[in-house]
Amino acid sequence: MIQYILRRLLQIIPVFIGTTLLVYFMVFALPGDPIRALFGDRPPSEAVIAQLRQQYNLDQPFWVQYGLFLKNLFTFNLGVDFTGQPIAATLGRIFPVTVMLAVEALIIQTVFGVTFGLIAGLRKGKVFDATVLIASLVVIAIPTFVLGFVLQLLVGVQLGWAKPTVGATADWGNLILPATVLGLVSFAYVLRLTRASVIENMNADYVRTATAKGLSRPRVVVTHILRNSMIPVITYLGASLGGLMGGAIVTESIFNVPGVGQKLFQAVIRSEGPTVVAIVSVLVLVFVIANLLVDLLYAWLDPRIRYEN
Amino acid sequence: MTTSDVRISEAGLTDKPLLEIRDLAISFKTGSGEVQAVRNAHLTIMPGETVAIVGESGSGKSTTALAAIGLLPGNGRVSGGQILLDGEDISHASEKRMIELRGNTIGMVPQDPMSNLNPVWKIGYQVKETLRANGRPSGPADVAKVLSQAGLPDAERRAKQYPHEFSGGMRQRALIAIGLSCQPRLLIADEPTSALDVTVQRQILDHLETMTSELGTSVLLITHDLGLAAERADKVVVMYRGNVVEAGPSLELLQNPQHPYTQRLVASAPSLASRRIQVAKELGVESDELLAPGEPVVVEPTMTEDVLQIQNLRKVFKLRSGFGKSTDFTAVDDVSFSVKRGTTTAIVGESGSGKSTVAQMVLNLQKPTSGKIVFDGVDTSTLNNKEIFAFRRRVQPIFQDPYGSLDPMYNIFRTIEEPLRTHKIGDKASREKKVRELLDQVALPQSTMQRYPNELSGGQRQRVAIARALALDPEVIICDEAVSALDVLVQAQVLNLLADLQSRLGLTYLFITHDLAVVRQIADHVCVMEKGKLVETGSTDDVFDDPQRDYTKALLHAIPGARLMLPPEVA
Chain A
1 MIQYILRRLL
11 QIIPVFIGTT
21 LLVYFMVFAL
31 PGDPIRALFG
41 DRPPSEAVIA
51 QLRQQYNLDQ
61 PFWVQYGLFL
71 KNLFTFNLGV
81 DFTGQPIAAT
91 LGRIFPVTVM
101 LAVEALIIQT
111 VFGVTFGLIA
121 GLRKGKVFDA
131 TVLIASLVVI
141 AIPTFVLGFV
151 LQLLVGVQLG
161 WAKPTVGATA
171 DWGNLILPAT
181 VLGLVSFAYV
191 LRLTRASVIE
201 NMNADYVRTA
211 TAKGLSRPRV
221 VVTHILRNSM
231 IPVITYLGAS
241 LGGLMGGAIV
251 TESIFNVPGV
261 GQKLFQAVIR
271 SEGPTVVAIV
281 SVLVLVFVIA
291 NLLVDLLYAW
301 LDPRIRYEN
Chain X
1001 MTTSDVRISE
1011 AGLTDKPLLE
1021 IRDLAISFKT
1031 GSGEVQAVRN
1041 AHLTIMPGET
1051 VAIVGESGSG
1061 KSTTALAAIG
1071 LLPGNGRVSG
1081 GQILLDGEDI
1091 SHASEKRMIE
1101 LRGNTIGMVP
1111 QDPMSNLNPV
1121 WKIGYQVKET
1131 LRANGRPSGP
1141 ADVAKVLSQA
1151 GLPDAERRAK
1161 QYPHEFSGGM
1171 RQRALIAIGL
1181 SCQPRLLIAD
1191 EPTSALDVTV
1201 QRQILDHLET
1211 MTSELGTSVL
1221 LITHDLGLAA
1231 ERADKVVVMY
1241 RGNVVEAGPS
1251 LELLQNPQHP
1261 YTQRLVASAP
1271 SLASRRIQVA
1281 KELGVESDEL
1291 LAPGEPVVVE
1301 PTMTEDVLQI
1311 QNLRKVFKLR
1321 SGFGKSTDFT
1331 AVDDVSFSVK
1341 RGTTTAIVGE
1351 SGSGKSTVAQ
1361 MVLNLQKPTS
1371 GKIVFDGVDT
1381 STLNNKEIFA
1391 FRRRVQPIFQ
1401 DPYGSLDPMY
1411 NIFRTIEEPL
1421 RTHKIGDKAS
1431 REKKVRELLD
1441 QVALPQSTMQ
1451 RYPNELSGGQ
1461 RQRVAIARAL
1471 ALDPEVIICD
1481 EAVSALDVLV
1491 QAQVLNLLAD
1501 LQSRLGLTYL
1511 FITHDLAVVR
1521 QIADHVCVME
1531 KGKLVETGST
1541 DDVFDDPQRD
1551 YTKALLHAIP
1561 GARLMLPPEV
1571 A
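If you read the protein sequences in the order shown, they are chains A and X.
For the first sequence, this note's numbering gives the first residue as 1, with consecutive numbering after it.
For the second sequence, this note's numbering gives the first residue as 1001, with consecutive numbering after it.
Please note: incorrect hints may appear among the correct ones.
[Unchecked claim] Which chain X residues stay away from chain A? Per the calculated CB distances, all over 10 Å, these:
#1 Gly1107
#2 Gln1111
#3 Asn1116
#4 Lys1122
#5 Thr1130
#6 His1164
#7 Phe1317
#8 Phe1329
#9 Glu1350
#10 Gln1450
#11 Gly1459
#12 Gln1548
#13 Asp1550
[Said to hold, decoys possible] Keeping only pairs whose Cα atoms sit at most 25 Å apart, straight-line, the calculated DMTMM-like set for lysine to aspartate or glutamate is:
#14 Lys126(A) with Glu1475(X)
#15 Lys1029(X) with Glu200(A)
#16 Lys1160(X) with Asp302(A)
#17 Lys1434(X) with Glu1475(X)
#18 Lys1122(X) with Glu1088(X)
What the hints contain is simulated information worked out from the structure, not anything from laboratory work.
Ideal Cβ positions, reconstructed from N, Cα and C, are used throughout, including at glycine.
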């Protein structure tokens, strides 16, 4: 098992180099000059531009720029962004917020998705099942920005149940609204996946055998239906974690969450190669490690999967 | 044991039946209204007695048994009659009452050991939760005791393993352990061994018999094998299309079947047919006269050349054992035999004996590690691609699973026509004519052409597979467990068809099977394989009458019904 984990961790290296190279190249290939764009309508002297270019290595060819980035990365020197702030400090500020948001969204979508999915699956074809299925379709169909603004207005402003915006100080409490919006989209998929999986498993032979053994209904449901049904759901949750971390741009803007999405968006607009790549690199790490955790959880849930070989 | 209705059990407790099913009717709700699955079923089980329900799939035998433990599927319900357990009608008992009864009073051993244990829980846990749910001590020692009583060696360690680490036989033992763990008074055993090799089947059934007689448990045994039922049960109930058509003491029923369906069943059950031949031989009667009615007597082949010669065949698989290392696993070890044109040679053995690997190598689907397969005088390993293509035309397979071996997206015409198209034989019109002929040959209506595999029964599908194999007018047909998945009556029909085609077309069969009863009916020669090696070979009569090896003896002994003494004229 330890060998397997080590091998998976080693696999991060090529994945990391590949993704950063790709992202770096894409930022490099963006049209327009980032330095001139910084100054807007009042261009500075050519000397200043040349000096800034040199400072950010923008006068170097692509491979040299990328090489310097990697070298800085391995010496833990991420450099400064175009506003002169150290990138490392920025990352340290934005990532905790986004992690908090993503984890809260993950909890919301898992708890509600699995619970509703289980009940709907067990009551297949009944009123609850039909209602939940239609509701989940509605949730899937409404775009995040609509859902976000509606909930912000309704729950945040009119009802006053939660803070409509987050602002500089993000904590579990005031992130509840954006986390709900973020979790709602995957919630519908988790629900449907759980439901389908439960329906498949509840007709399995071993469930009938468990009933024949004299187990009570709740026991059969929890130990034999729910546990087996979680296997595909866990896979999806792991994959969705990456999306929650990196794809929260819209939600973070609506609720003014000072997180990764907002920052990444700004950096892309400004063609700030180093910042974009630094953020994406961390996201890649999060993604790879989340998937490793999912695979380990998967092996724990399904003993037929073993990673020794 | 006596079979009278009133009887004092050994414990002297009761003379009342433990389970009595009266006029039971079960219906299922389907898209097109209610469908009656069981009508007027009745049976009585006395304490300590074993009663078998026999019938083909869809006869309602399992449904009746499931109703007795309150496990009908969601769309099924008891629509009439009574199920009396100790005088209490449980046909409409509350779920709470059924939970009390299940495990404690009524235990169940289900059919398929592969799918009836939850793959994600350790065996020990699955036993433990049964004990706990029924209010019995459930410590590790109790779990180990239950498992070892069911004949599981090294139970303490085994309890910590998962189902996928168990063989089929071991899993079935675990399921028997679970079914009997709370010492129920009635055990419902639904085809408890039909998924297992014959030798394992025998061990398991012997063990089940010992355990239930020690505990004084009544058993309701569900099976499709009349031979097995007659051997294991005091009374047999025959079900056909939802009705109980006949019931009575086992041997009486076997010797003097009244209902036409029972008569057909008695006539065609391979285990019984095989036993009949055996008994007849012992009494000095010629076996050919005893084959079931309508079964063609295979004409002595006139040609005696070897169409297929297998010489010192070996197949070694590399098994991965971590970090690029591998260990060798010899699946087929130095196997040699030859097959004469126009005859049937059977390769028998348990699962894992390497018999299917031999078949795959003969079909040129796997390369031998060493050794030669000579087909019609030519070593098949020397063939180039074009010659292999031509070779495939002459050697065709029929596989076990008629569900898996037909493409669900192809209609029957396309399925049978495909080999003709692949080998560019004839034009469209002549191919269609050929398909019609083939359907006639396998006794399927020509209207079948437009249908899809999922619209056909298992027996019909296997006929389609045979028609497909015959499309190219092959000389040799490799049947890999070709009838194992079929009900006994259908099995008999397909075997008859194969024998008929052989005598008409001069086909050569290489028959791979684990079922010796089938071998006795169709094969001229037998090769017995054990763990990759050919341990015995000879003519069918020689092998059956005078088996040389213990392994062969064990296989023969394990055919259900071997203990029955049947008069040869029973058919």
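Item to check | Hint check against the structure, violated hint numbers in rising order | outcome: Hints 1, 2, 3, 4, 5, 6, 14 and 18 contradicted; others consistent.
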